[in-house]
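Asker: Each chain is listed here by its residues.
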Amino acid sequence: MSLASLENLSIRFGDRQVLSNINLRIEAGARVGLVGESGSGKSLTALSLMNLLPESAEASGVIHLNFGQHVKIDATQLGEDLPFPYRGAQIGMVFQEPMTALNPLMRIGDQIGEVLALHRPDLNTKAHIGQLLEEVDLRADMHRRYPHELSGGQRQRVGLAMALAGEPELLIADEPTSALDMITQRGVIDLIKRIASARQMGLLFISHDLGAVAALCDQIYVLEKGKLVEHGDSQTILKNPQQPYTQRLVAAAKPTKRPEFSRPAQREPLLEIDGLTRQFRQKRYFWQSPDITTAVDQVSFALHSGETLGLVGPSGCGKTSLSRMVAGLDSAQGGSVQFDGHRFGHGVGPIPMAARREISMVFQDPFSSFDPRMRMQDALLEPLHLMPELTTAQKQKRVHEAVQRVGLSIDMLNRYPHAFSGGQRQRLAIARAIVLKPKLLILDEPVSALDVSIRGDVLALLHDLQEKFGMAYLFISHDLDVVRAVTDRVMVMDHGKIVEHGKVEDVFDHPQAEITKKLLDARLTI
Amino acid sequence: DELRLGMVLEPPHLDPTAGAAAAIDEVVYANLFEGLTRIDQNGAVLPSLATDWSISDDGTRYEFTLKEGVTFHDGTSFDAEDVKFSLDRARAEDSVNAQKGIFAPITNVEVLATNKIAIEIANPQGDFLFNLGRGDAVIVAPESAETNQTNPVGTGPFKFVDWQQGSKVILEKNPDYVGDDVYLDRAIFTFISDPNAAQNAMLAGELDGFANFPAPETLEIFEADPRFNVVVGSTEGETILATNNKAEPFNDLRVRQAIAHVIDRQAIIDGAMFGYGTPIGTHFAPHHPYYVDLLNTYPHDVAKAKELLAAAGYESGFKATLKLPPPTYARRGGQILAAQLREIGIELELVNVEWAQWLEDVFTKKDYDLTIVSHVEPFDIGIYANPDYYFQYDNVVFQALIEKLNITNDEDDRKALAAAAETILADDAVNGYLFQLAKTGVWDTRLSGMWPNSPVEGNDLTQVKWAN
Amino acid sequence: MRMFKQFASNFRHPSFAIGFVLSAVLIVLALLSLVWTPHPTDGVNIAARFGSPSLEHFLGTDFFGRDIFSMLMAGALTSLRVAVLAVGIGMVVGVPLGLLAAGHGGWLERLILRFNDFVFAFPAIITAIIITTLFGPSAINAMIAIGIFNIPVFARVARGGALSIWTLDYVDAARLSGLKVWQISVRHVLPNILSLLIVQATIQLSLGILAEAGLSYIGLGTQPPETSLGLMLKEAQSFFLAYPMQAVWPGLTIIIFVMALNLMGDGLRDQMDPKLSKAGGINVAG
Amino acid sequence: MVGYLIQRLLGVALTLLVAAALIFFLLDVLPGDPARFMLGINASDEALNALRQQLGLDQPAFVRFGQWLMGLFTGDLGMSASQRAPIAELILERMQLSLPLAFGALVLSTLIGLPLGILAAQNQGKIGDAGLMGLAQIGIAIPNFWFAMLLVVVFAVTLKWLPPGGFVPWAENPAAAFRALILPTIALALPQAAILARVMRTSLVDVARQDFIRTARAKGLSKNQALWRHGVRNALLPVMTIMGLQFAFLIAGTIIVENVFYLPGLGRLIFTAISARDLFVVRSALLVLVGLVVIIMFLVDLLYALVDPRLKKRAGN
Ligand SMILES: Nc1ncnc2c1ncn2[C@@H]1O[C@H](COP(=O)(O)OP(=O)(O)OP(=O)(O)O)[C@@H](O)[C@H]1O
Ligand SMILES: Nc1ncnc2c1ncn2[C@@H]1O[C@H](COP(=O)(O)OP(=O)(O)OP(=O)(O)O)[C@@H](O)[C@H]1O
Ligand SMILES: [Mg+2]
Ligand SMILES: [Mg+2]
Ligand code: NI
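Protein chains in written order, with this note's numbering: chain A, 16 to 541; chain B, 2 to 469; chain C, 533 to 818; chain D, 2 to 318.
Calculated from the structure, these hints are not laboratory results. All values derive from a computational prediction rather than experimental measurement. Note that the Cβ used here is the ideal one computed from N, Cα and C, for glycine as well. You may find that some hints are simply not true.
[Unchecked claim] Some, not all, of what chain D presents toward chain C, calculated at C-beta under 7 Å:
#: 1; residue: V13
#: 2; residue: T16
#: 3; residue: L18
#: 4; residue: I257
#: 5; residue: F299
#: 6; residue: V301
[What the hints assert, rightly or not] To list a few chain B residues with every Cβ distance to chain D over 12 Å, as calculated:
#: 7; residue: G167
#: 8; residue: G180
#: 9; residue: P280
[Claimed, not checked] DSS-like, lysine-lysine: derived pairs with alpha carbons at most 27 Å apart:
#: 10; chain 1: A; residue 1: K532; chain 2: C; residue 2: K712
#: 11; chain 1: D; residue 1: K161; chain 2: B; residue 2: K466
#: 12; chain 1: B; residue 1: K416; chain 2: B; residue 2: K440
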């Protein structure tokens with residue numbers, strides 16, 4: 016008898032069917048992965064096992080639970096009124112957002128103690144709480160801390176400790192690592208794996224990241240738009256995906272290197288950065304000396320036309336800060352930028368208009384990069400402010416060219432942003448970046464927010480554009496596989512400093528710096 | 002026995018010899034402080050601290066005999082020196098007495114004995130004894146004169162107990178009073194400015210009465226309530242549409258006459274005062290024996306008014322401002338008046354002003370066209386003889402008449418002179434004469450001895466008592 | 533078209549629909565009083581006072597014999613005018629301040645925040661007392677006093693909304709396009725916080741009507757012969773026991789007006805992007 | 002924490018200083034002569050000048066501002082021009098009414114508003130919620146003076162349970178003083194309670210959607226348990242800010258309600274002083290009101306920092 020299973024589970028919101036006929040079983044001690052794109056219904060599946068579905072959800076089907084004794088639950092009965100003693104006791108759950116999943120006003124020790132008080136009052140002691148904290152690789156004396164005094168990874172460990180406190184037989188983890196950076200993510204996944212096997216728990220692990228699932232689970236279920244498309248042993252599925260959807264997922268998880276193209280040789284670099292420094296100072300009271308975070312510390316590098324330079328590093332190392340200075344969005348506290356005959360930076364002055372039109376940027380989040388109240392047409396025209404010499408018709412023409420370049424049709428331009436999908440928006444963001452025909456394009460995590468299946472297309476588009484226009488790319492990403500696939504050279508950044516710099520193959524194959532090794536180790540490949 | 006009496010305004014302080022506010026007198030007059038004479042509820046002069054007096058033949062020297070055995074509430078004794086001190090203080094150069102004019106004619110005050118005093122005045126004065134009976138002329142002691150504002154010490158049948166600022170003043174029977182005993186043991190004056198709150202307080206039984214209830218519109222309720230008596234008396238308040246006789250176009254008699262023709266007094270009394278008030282045709286109190294009925298000098302006649310206005314060159318009317326001080330009679334009356342004057346094309350811009358501003362702009366600077374105000378001084382027709390008074394009415398004939406009146410003692414002559422003066426004012430339509438302000442008292446039916454009229458400002462409680 | 537559809541979609545929200553219809557009726561009646569009322573409001577007819585409802589005066593007549601319904605129309609107009617202009621003052625001064633604070637940051641932002649706190653310490657009634665002491669009471673004073681209090685309210689909402697907009701990438705994209713801070717504030721920030729401001733404006737409008745009533749009641753607001761709902765209520769208070777309906781009509785009108793505006797504001801708020809609505813909206817009464 | 006305190010206290014002091022300057026100089030340019038008003042219309046010029054000198058009106062404005070500021074510290078605010086009593090004493094006397102009234106209303110509105118708001122949030126979308134929020138809508142829309150009047154008519158005039166107004170000093174008869182404040186406090190508190198109930202409901206509904214409530218439920222807490230143990234405290238944070246702001250309105254409300262109940266509070270003091278053109282009293286009393294508001298807002302900030310560990314941290318704990 017399996018620990019828990021779903022039989023023909025369907026969920027509707029009003030007349031919108033979001034899950035249909037899901038069958039899924041979790042054996043005692045088995046580690047089961049559930050993958051699928053955003054919105055495919057992964058979380059709802061997990062929540063139905065916890066009887067925590069939103070009130071407006073209408074479920075049908077059967078849920079079997081077997082903790083010592085077999086219980087059959089009619090899914091239509093799910094809801095607040097259904098007696099459900101398993102939550103926190105036999106079933107523990109960890110949620111995605113470490114930042115918001117803990118009560119900000121309560122010490123973490125007390126939050127863990129609350130579970131014990133509910134389910135294991137005999138164990139509700141400081142010592143036991145300390146033990147739980149240690150089990151998830153935290154120090155026992157951290158129990159007095161408040162959530163905001165912990166890093167994201169630490170918070171996620173607290174969430175795990177809370178889920179474990181009731182000594183559950185089944186642990187559900189809904190994307191517990193997606194909000195964490197690579198290195199931390201790896202740590203948490205290893206921790207879950209270790210604990211699950213040590214405690215002999217059943218595990219339902221939810222992720223959109225095939226790599227993470229592969230690292231952790233022995234069985235995989237694949238969800239597409241509320242339907243189960245494939246399931247089975249993880250090695251089998253990863254090696255030999257049957258369904259086209261699964262195949263796409265697997266393919267996207269292993270980006271392939273694009274072919275080289277010829278570039279005119281040049282001596283003068285397009286961009287030359289010299290000792291660029293950015294500090295954030297936070298002064299609380301006027302008599303205090305300020306807290307200084309050095310986000311970018313004496314960074315120097317050069318970039319030639321037509322070249323792609325990768326920038327990697329752990330979260331918070333200063334990648335975005337650096338790129339914003341290069342784009343002239345932020346002013347530097349030290350050092351300067353030499354770009355295509357213009358100089359700006361500390362002690363030189365702000366970015367000149369002439370340089371501004373040669374540098375563009377594509378942002379990470381396609382949803383926030385367009386003003387929701389502005390038609391695409393106007394949004395794309397906006398950069399052409401920098402070219403007052405063009406007539407309205409010429410500007411229009413430029414916009415149309417750019418849109419066609421990114422593979423979209425001109426008649427879409429009358430729409431507002433909300434009428435586009437994420438992938439389309441990112442294409443439009445790229446279109447906006449190239450209407451000026453810039454010489455340098457800064458790409459800050461341009462594909463991280465996109466579903467894996469779309470990533471490949473956008474990367475291919477970027478590659479094509481570079482080939483046509485010969486732009487230089489400064490490509491920021493935390494995904495080392497992507498970086499390896501698209502860049503020529505790579506810089507590794509840590510604590511504001513460039514710690515390693517070289518041809519991408521050299522750096523990745525023979526890492527020198529400690530952080531590079533860590534980053535490479537943390538990779539979850541399938 | 003205790004009496005809880007409501008008042009609209011709280012006195013700024015309690016010294017009647019140092020302030021114009023009527024609220025001061027309404028608490029202390031005749032109760033706490035006494036003068037040489039006192040005024041009874043019909044306006045007659047009676048002995049008080051002076052038991053009797055004699056007047057020289059030429060009318061310039063008064064000799065008073067004082068009551069004996071009287072002490073002030075602080076225990077100090079009362080004698081002629083106190084009288085001399087009080088009168089000299091009131092007429093001194095730096096006096097802050099609000100009615101310095103009363104004392105202006107005094108040339109000398111002389112102590113004849115501890116219980117005898119003589120006062121000499123420059124010219125004979127018909128109303129001198131009356132004036133000595135007013136609140137501004139009460140006798141104070143040198144020991145306490147400076148502190149009377151917060152801790153009044155007088156000779157009256159009640160003494161001061163407590164003043165809860167913003168709320169109430171408490172008086173208590175003076176056991177050492179020489180004279181007729183009063184019936185009440187305590188009197189509490191509670192200050193309620195909001196008419197609605199006043200009404201609620203009465204209905205809820207928190208108060209025994211209001212000597213002058215602030216909202217005539219609510220009297221209907223009290224009249225229907227068997228617990229209360231509504232007593233309508235008269236005051237000395239002539240409510241007039243004061244007119245700036247020097248300002249264009251009011252310097253034209255025909256314009257003033259036109260206004261007089263178009264004023265519908267009864268509508269104003271009904272609309273503003275809910276029927277309480279007596280129409281007047283000149284600046285004189287109807288209850289006064291000298292009063293002449295001049296209501297029909299300019300009868301209500303819109304056509305005539307238009308004619309007069311046209312004759313003055315204002316066929317299509319004109320615009321003017323009407324400044325209105327806070328009392329209801331002014332604010333409501335102003336609206337009604339504006340509607341009436343509109344009939345002949347006079348468009349009034351209503352400007353609401355606070356008293357302080359009224360005093361400054363209208364009274365002092367004479368910067369106004371029209372205003373509505375009640376002149377509450379008794380027998381104050383003499384103000385029209387002052388060309389600098391804010392009416393700016395300058396009539397030599399009238400001035401001579403008043404001069405004569407002031408020095409005339411013979412009752413019949415005085416009456417004739419007053420009648421002539423009244424008629425001149427009515428004919429000249431110096432101001433619009435509207436109505437005599439009524440005193441609308443509301444009090445518990447079991448109370449007796451409350452004054453229905455108020456010939457002087459004050460609430461004389463000496464005769465007030467509860468039935469059984 | 534899109535605007536209209538968006539607007540129409542609000543009607544699916546019942547409280548918005550009710551609030552909108554009621555407010556619209558009241559506002560139209562108030563505006564109508566500019567050109568027409570069933571009976572003149574400046575006429576005084578003492579003989580006809582306290583008339584009970586009839587075909588001619590369907591809410592009866594007041595203590596001057598004026599038609600109550602006409603008075604309500606005119607009174608609502610004054611109340612509305614005070615409230616609208618007060619909101620206008622608040623928005624015209626407050627919104628730019630808020631945008632400036634969010635866009636500029638640094639010392640300027642701190643200064644504006646200080647200023648906000650400072651003005652918050654002066655409830656409308658205190659400002660009204662000061663202004664009245666200086667210039668005497670009038671509806672304009674009430675309007676200015678309420679308006680001054682509205683300034684920090686709108687500055688706060690605008691800044692809160694603008695701050696959340698400034699973190700978005702499209703603002704950076706606009707900066708890359710060479711737009712200056714004020715251009716971004718006008719082109720991108722303002723349109724995106726507009727719905728937030730409109731919601732706050734409806735709420736402040738309702739509060740303005742209440743505040744005007746309170747100020748008129750203690751004599752700091754509208755003065756006769758002008759009329760406003762608050763003043764009518766005040767004047768009717770002393771007839772309450774004898775003629776209760778005199779106070780009921782203006783009282784009801786105020787309650788309905790305020791509730792209608794509030795319901796409309798709530799409905800709008802519910803329809804809005806929840807992230808934005810949390811940014812700075814405050815709901816305080818005057 | 003101490004640093005934060007000092008910073009905020011300096012802010013409060015600065016605010017008060019600016020407020021004092023604003024009030025002083027605004028009222029100083031006022032038209033109207035207190036001396037003439039006090040002495041009445043027949044006063045002579047000499048008497049006027051004498052009084053002006055006595056009141057210090059002949060000194061330059063800056064000197065008088067300085068003196069006034071000093072007076073604020075020493076408690077010597079000078080004499081009331083119209084009432085001839087120390088202003089500080091007048092104000093203190095009125096505070097024995099205004100303070101209990103404002104604070105009483107704050108406490109009462111909290112005691113009523115918060116539980117109702119929580120109740121409504123718990124029943125979100127159900128009949129109870131709709132009913133409570135409908136009531137709250139009415140509560141917010143009723144002009145408070147009108148509500149006060151209805152209370153008087155019902156409970157004082159008709160039922161005679163409570164006095165229709167007036168006040169007895171605490172020292173004289175504490176029970177009567179308390180009784181006198183019941184109706185005014187209710188009149189002030191109920192509309193405020195309606196606002197608080199709404200704010201509390203909105204805030205709690207917001208919090209209920211947050212992840213940590215779901216976490217709490219995953220621990221095995223029921224929906225209501227989770228709301229009570231984790232939701233309410235978090236929801237209180239934004240409510241506290243509103244309560245701080247509301248206090249300003251309670252102060253304003255006392256001025257209005259004092260009128261209905263003829264209570265000798267600060268508002269009445271100010272109005273009498275204004276009609277007497279007694280600006281010395283007006284400015285000091287106004288500053289006291291503003292000071293109260295500023296101090297309450299400061300206390301709310303402080304409380305906020307105490308309740309929210311994130312702020313305590315930021316405050317340099
Ligand atoms: N409370 C709700 N009301 C209406 N629709 C909902 C609700 N919760 C989820 N949905 C819809 O149900 C579908 C599945 O949601 P679910 O949260 O399970 O997706 P997911 O696979 O977990 O996605 P993600 O990777 O983004 O977390 C989505 O289309 C979502 O919009
Ligand atoms: N506006 C700011 N004020 C204060 N500190 C900041 C600010 N922006 C960034 N920082 C700090 O500077 C450091 C570098 O931040 P940055 O955003 O450049 O990192 P990143 O490498 O882009 O990280 P991620 O991979 O998470 O995007 C971090 O410690 C961050 O907290
Ligand atoms: Mg999910
Ligand atoms: Mg970044
Ligand atoms: Ni359209």
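Asker: Take the hints in turn and mark each one as holding or not.
Answerer: Hints versus structure:
no.	hint	result
1	V13	9 Å, violated
2	T16	5 Å, holds
3	L18	11 Å, violated
4	I257	5 Å, holds
5	F299	10 Å, violated
6	V301	11 Å, violated
7	G167	3 Å, violated
8	G180	30 Å, holds
9	P280	27 Å, holds
10	A:K532 to C:K712	43 Å, violated
11	D:K161 to B:K466	26 Å, holds
12	B:K416 to B:K440	25 Å, holds
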